[in-house]
Amino acid sequence: MSAAVRPRLAVWKFSSCDGCQLTLLDREDELLAVAEAVEVAYFLEATSGVVEGPYDVSLVEGSISTPHDVERIQEVRAASKVLVSIGACATAGGIQALRNFADLDELASIVYAHPSFLSALDTSTPIADHVPVDLELRGCPIDGRQLLELIGAVLAGRKPVLPAHSVCVECKSAGNVCVLVAHGEPCLGPVTQAGCGALCPRYHRGCYGCFGPMESAAPESLAPALASVGLDEADQGRLLRTFNGWAPPFRAASTVRLPDPRRRTT
Amino acid sequence: MSEDRTIRVDALARVEGEGALHVEIRDGALTGVALEIYEPPRFFEALLRGRRHTEPPDITARICGICPVAYQMSACEAIEDACGVVVDGPLRDLRRLLYCGEWIESHTLHVYLLHAPDFLGYDGALEMAADHRDRVAQGLELKKVGNALVEVVGGRAIHPINVRVGGFHRVPTRRELAPLLDDLRRVRDIAEDTVAWVAGFDFPDLTHDHELVALARPDEYAVIGGRIVSDRGLDLAASEFSGAFVEQHVARSNALHAFRSDGGRYLVGPLARFALGFDHLLPGARAAADAAGLTPDERNPFRSIVVRAVEVLHAVEEAIALLEGYEEPDAPARAVEPRAGTGHGVSEAPRGLLYHRYTLDDEGMITDAVIVPPTAQNQPGIETDLARLIEDNLDLGDDALRHVCEQAIRNHDPCISCATHFLDLTVDRR
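Protein sequences, first through last, are from chains A and B. Just so it is clear: in the first sequence, position 86 is 685 by the working numbering, and no numbers are missing. Just so it is clear: in the second sequence, position 429 is 456 by the working numbering, and no numbers are missing.
Hints are computed from structural coordinates only; laboratory data are not their basis. The structure displayed is predicted, hence computed values, not measured ones. Some hints could be false.
[Said to hold, decoys possible] Residues of chain B placed beyond 12 Å of chain A at every Cβ, according to the derived structure:
#, residue
1, Gly59
2, Met155
3, Ala164
4, Arg183
5, Arg197
6, Asp246
7, His307
8, Ala396
9, Thr411
10, Ala427
[What the hints assert, rightly or not] To be clear about the criterion: a stretch of chain A counts as covered by chain B if any three or more of its residues have a C-beta under 8 Å from a C-beta of chain B, and this derived list gives those stretches:
#, region
11, 608-617
12, 689-697
13, 763-772
14, 795-806
15, 822-831
Glycine is no exception: its CB is placed at the ideal position from the N, C-alpha and C atoms.
Here chain A stands alone, though its shape is the one from the complex (with noise of 0.2 Å):
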């Protein structure tokens, strides 16, 4: 394929921790390849080489936290054909999105001396909320071999095929004895959307939520059963309330659960 025809991806980094986007760099076999496939246009983590857009696909990691991050988004999105988020910052607000429930002053003053140089926004929020998505990959990180599904349909014109179940049914697929009811571990397998191919019950832990409510979720439904194995009230909300605390049903979930400073639920 010549230079000239090949489809242009550009990587993009808001709030976030650069893991999704190490993902791609990461693809230790795949990763030349796919540097062949399309023309790297935009990724700083990467390189310092950059081509002036349109971009066919953008790749968005990270949440938007701050008032440039606001402006920056409707740049990257007019610049893109297709913009896809990725990770649990870009689709959901990410750990940082725990701002949303308390004080942004407060927060500020703990850990800086001078709050007013900081500019921030008081919440942290999903892409989605600022530009029209395309596609998302969830996940805290996202799933390399999602990523590269992700990549390879897009560019062959076709819808990924990414699972919209549960991580149980990945689970019982791999075989795991339930580490919720066979071990009592607290595991939010039932509400969480498949992809990480059932990571923590393989090493013996519960799901603690990486890729987010599935669709359809219904954390209530499971909260007798997380009761049952000695987490109260508090502790419940606290699961749900980590990397994806922000996406609705875990945060609606976790906020009758958590006293809040203030009482935040959109």
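With the hints as your guide, set chain B onto chain A.
Using the frame of chain A, we list chain B on its own:
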């Protein structure tokens, strides 16, 4: 030179996170250098308040996708310290093994993909691969083994799921670990060759005089726990960190800057570890360092890439030794009962000393958390390097000056996501 010149780069590439550099030149003289870190603040220390003592390893891992193991290890050490538990023996060995994986993957990422392109004149490793495909492929092969180590022991390369306060959720079996031993023996030659390769690069002249600070242990090249020592006689327990170092908040940066409490600059990371831990390098790494002409007196930050390559070889050798001697721990974790108190944890992230401190109430809820990442500690030193470099190169054109500044910053493999943030270069000449 009386003309006004301004150079601007929108963001520094090949670092973890985003920021800017502002250089001010007036009448041909350097009048100011400022690193701006504009990566959004994420308020981790505040968000940890009210969480349980079991949660920091998972939560703080998310500070950095490149070195999550470092965050998990310092967090575990600090919480265990608060609760009066010492994790030693085979469980500690398993932690060291996991940490070896992170050193291998993180250092190799930096050496091959982020830093080598500077020395060879490429925008990045993907461009470099067009001319040096075998070389890049070899780096990826080495990096992959580091990631495999983290995956098998930690469950996942980025944000491992198997680490817990007290140890692990499940310890790997000898059978699961066996393929790693073959992999490590195979890439040992690559690690050795990497040292020789990067030692042959052309290095700009620059000598720093920062105080070097690293962990020290009597019996090993320190990675987890130990005394905090320096080349100027500092020798402290982790619990004394706060008395010896202070963090300052400056207007232009969302990262705090750390200084010695007397105001002095200091440097953490590979150069510091190498200078202070030289005697504990494993034999292959020691021989490779000797062959590369490195001594504990090395003070050129541009040669940190060689030190990183030596540390990769050391980590490969250490991982081989740990795997050969592996005995499955009796239990995957020590029990850690919460109690009221404060605990301190230190470990050597690939980029340098990482300090965590937690205060717990008697239920094990966190009431205070302090995290001092390596890049915050190195930021004053990076600025000093830049000032010296710019003064020596004022006659360079803006593009050439920008390039050498970016390269000097990448010497320290800054992780801006950790420190909060990095790089936009503005050269303002009047």
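Structure-based check of all given hints:
1. The Cβ of Gly59/B sits about 18 Å from the closest Cβ of chain A, beyond the 12 Å cut-off, so the non-interface label holds.
2. Look at Met155/B: its CB is around 9 Å from the nearest CB on chain A, not clear of 12 Å, so calling it non-interface is violated.
3. Consistency note on Ala164/B: stated as away from chain A, yet its beta-carbon is not over 12 Å from all of that chain's, at 7 Å minimum.
4. Distance check for Arg183/B against chain A: the nearest CB is about 6 Å away, which does not clear 12 Å, and the non-interface claim fails.
5. Residue-level check failed: Arg197/B sits 4 Å from the nearest beta carbon of chain A, not beyond 12 Å.
6. Every Cβ of chain A is farther than 12 Å from the Cβ of Asp246/B; the closest lies at roughly 30 Å, confirming the non-interface assignment.
7. The claim that His307/B is not at the interface with chain A holds, since no C-beta of that chain comes within 12 Å of its own (minimum 30 Å).
8. A cut-off of 12 Å between C-beta atoms contradicts the statement that Ala396/B is not in contact with chain A; the least separation is 9 Å.
9. Every CB of chain A lies more than 12 Å from the CB of Thr411/B, the least distance being 22 Å, so the non-interface label holds.
10. Even its closest Cβ contact with chain A, about 14 Å, leaves Ala427/B beyond 12 Å, as expected for a residue assigned away from the interface.
11. Given a C-beta distance limit of less than 8 Å, the hint that chain B covers the region 608-617 of chain A holds, as 6 residues qualify and 3 suffice.
12. Closer than 8 Å: that is the beta-carbon criterion, and the region 689-697 of chain A has 4 residues meeting it against chain B, so the requirement of 3 holds.
13. With 0 residues carrying a beta carbon less than 8 Å from a beta carbon of chain B, the region 763-772 of chain A misses the three-residue requirement, and the given coverage is violated.
14. For the region 795-806 of chain A, the assignment as covered by chain B holds, since 7 residues bring a beta-carbon within under 8 Å of that chain's beta-carbons and 3 suffice.
15. Counting residues of the region 822-831 of chain A whose C-beta lies closer than 8 Å to any C-beta of chain B gives 0; at least three are required, and the coverage claim is violated.
Checked against the numbered hints given earlier, this structure breaks hints 2, 3, 4, 5, 8, 13 and 15; the rest are met.
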